[in-house]
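Given the sequences, and given the hints that come with them, work out the whole structure.
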Amino acid sequence: MSRTNVRKVRRLIQGNEAVVEGALAAGCRFFAGYPITPASEIAELFAERMPQVGGVFIQMEDEIASLGAVLGASLAGAKAMTATSGPGFSLMQENLGFGCIAEIPCVIVNVMRAGPSTGLPTSPAQGDVLQARWGTHGDHPIIVLAASSVWDCFTLTVEAFNLSEKYRVPVILLSDAIVAHTRETIELPDPGTLKIVDRVKPTMPPEWYIPYQDNPTGVPPMAAFGDGYRYHVTGLIHDVRGFPTQRVDEITSFMSRLFRKITQGFQEIFITSGFMLEDAEYAVIAYGSVARAAKRAIREARDRGIKAGLLQLITLFPFPKRTVQGVLSKSKGVLVPEMNLGQISREVKRVNECMTKVYKLNRIDGQGIKPQEILAAILQMWEELK
Amino acid sequence: MTNSLRYEIRITGSGGQGVVLASIILAEAAGQFEGLYAAQSQNYGPEARGGYSMAEVVISKEPIDYPFVISPDILVALNQEGLNRHKEEIKGDGFIVVDTSNVVHVPEGRVIKIPITEIAIEETGKSMAANLVSLGVICGLIKIIKKTSFERAISARVPKATEALNLKAFEAGIRAAKKIKLSKLPPPPSEELIEDL
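These protein sequence lines are chains A and B, in that order. Note that this note's numbering numbers the first sequence so that position 123 is 123, with each residue one more than the last. Note that this note's numbering numbers the second sequence so that position 159 is 159, with each residue one more than the last.
Just so you know, the hints here were simulated from the structure itself, not pulled from any lab data. Hints may contain errors.
With a straight-line cut-off of 25 Å between C-alpha atoms, the simulated DSS-like cross-links for lysine-lysine are [claimed, not checked]:
(1) B:K87 <-> A:K370
(2) B:K61 <-> A:K370
(3) B:K181 <-> B:K91
(4) A:K330 <-> A:K349
(5) B:K87 <-> B:K184
(6) B:K146 <-> B:K113
(7) B:K91 <-> A:K370
Chain A regions said to be covered by chain B (calculated; three or more residues, Cβ under 8 Å) [to be verified]:
(8) 171 to 182
(9) 293 to 301
(10) 325 to 332
Yeah, the Cβ is synthetic: ideal placement off N, Cα and C, and Gly gets one too.
Structure representation (structure tokens):
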């Protein structure tokens, strides 16, 4: 997918601030949330910025209600989001499933901190990767993105809204305290230079509207409550008119459409970024803040004559299988560093199909992974395989 | 060397000394007003005052890959604890600036001694201005950011009522730095020692 490169207005801001600017640029006009470290700045800044743009900021009583309010706002036609960290994200899982089955566009930012439970509130981690994919119950489609920098926080929030609106699916943007709290210089693009996607609305008269009718994209037009189109929204598996069904043919066509709309969009949904990969014999696959330490480690490995390269995963789910397999098939060894005990390395191994050797580098002590650690792991891998 | 494109500055002190604000102004001077790339981060304990506080800035002409300090070119230590924690980490040709008003045990080697807090009190009557004196010292010792960029960053960041006072503290820092001759510092340790991980 083409990512915008038009840069203007130089500012030094935190990742969390960039999320807010990205959301507003994408057209988000509703935020409901409950403050939590290390995501609080997002709510704080929305409280200031939303009234300025005629949007709504509401602090809810908890995270369950926060996502509930977001889903309601989205059904009423607004681009809506919330932001939280691990403990709050756990509370959102039930409503997240509702968003998936009722196909309600929304964006959830999870600034990951070390867990489980209240864990280490101020320390970075990447422990919620699989929860973002599988946290809510049942087979469900979902899109998960991972930001690695302040610039990412801006562009990926825009991207998250675009994908969410286009595919009518909740999109989760993962970051961590390193990405969220580091201030970096970025040039915010002029509004108008960004690609903004809005959900497709029905154009037929209200009495002809069939809210969940299939079409070639698999994404039915979405009427806003209040526009005169009356329809039923439920968490039960429903027929094309939105009413609960137990008929096998209707269940099958509904569920397969939910997944088909995402698989048809793979080309656009998979976002990855390669660094010195062309001639790489040893690859690092990383995401989020760890990808930046990996980039530096790869430069230093190259200085030592080792042909190393980085595949940065920006879309974590759906898992970019083909791209990862392309790297696996060309590499003597692959290292997957992450701030958990191996949540993405598990996916990498799943698609590896014995093509190459997959190494892990993990930290779960609330500390970021340093370039030196990744370099040492690359050197060790190189020693073993050269 | 891969690191030559990066310039890394770490400022440590105790909570309330304005270490984080100093680092933000430094990053804004570099990133917003000088047109370089800058990344700023901080680390501090739960205390509002006292305790340990650390802030750092990475400055580069190129986009910054790793946003944290790997090995600082300059370490500014406003208290003893910050110095003790980080004195071993400086780059071979880097140096430490020690606030001799607060630090008792000053290490040997490439160390610059300046009574930063005393200067702040002398110039402005407030020890709180030590962070702006530090910025002046940094400005006087490094060549990559112009003085005017610092001044614009300071004016944009501090409250209007204290702008004059802060600029005065900043000027005093520059004057203090002008008396320092970097060439008089002991030579950096030999390359082999640095290369040896």
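The hints, checked one at a time:
1. B:K87 <-> A:K370: 19 Å, holds
2. B:K61 <-> A:K370: 22 Å, holds
3. B:K181 <-> B:K91: 18 Å, holds
4. A:K330 <-> A:K349: 15 Å, holds
5. B:K87 <-> B:K184: 19 Å, holds
6. B:K146 <-> B:K113: Given pair B:K146, B:K113 holds - Cα atoms ~23 Å apart, limit 25 Å.
7. B:K91 <-> A:K370: 17 Å, holds
8. 171 to 182: Coverage by chain B holds here, the residue count being 3 at a Cβ distance below 8 Å.
9. 293 to 301: It holds, with 5 qualifying residues against the three required.
10. 325 to 332: violated (count 0)
In this structure, only the earlier hint numbered 10 is contradicted, and the remaining ones agree with it.
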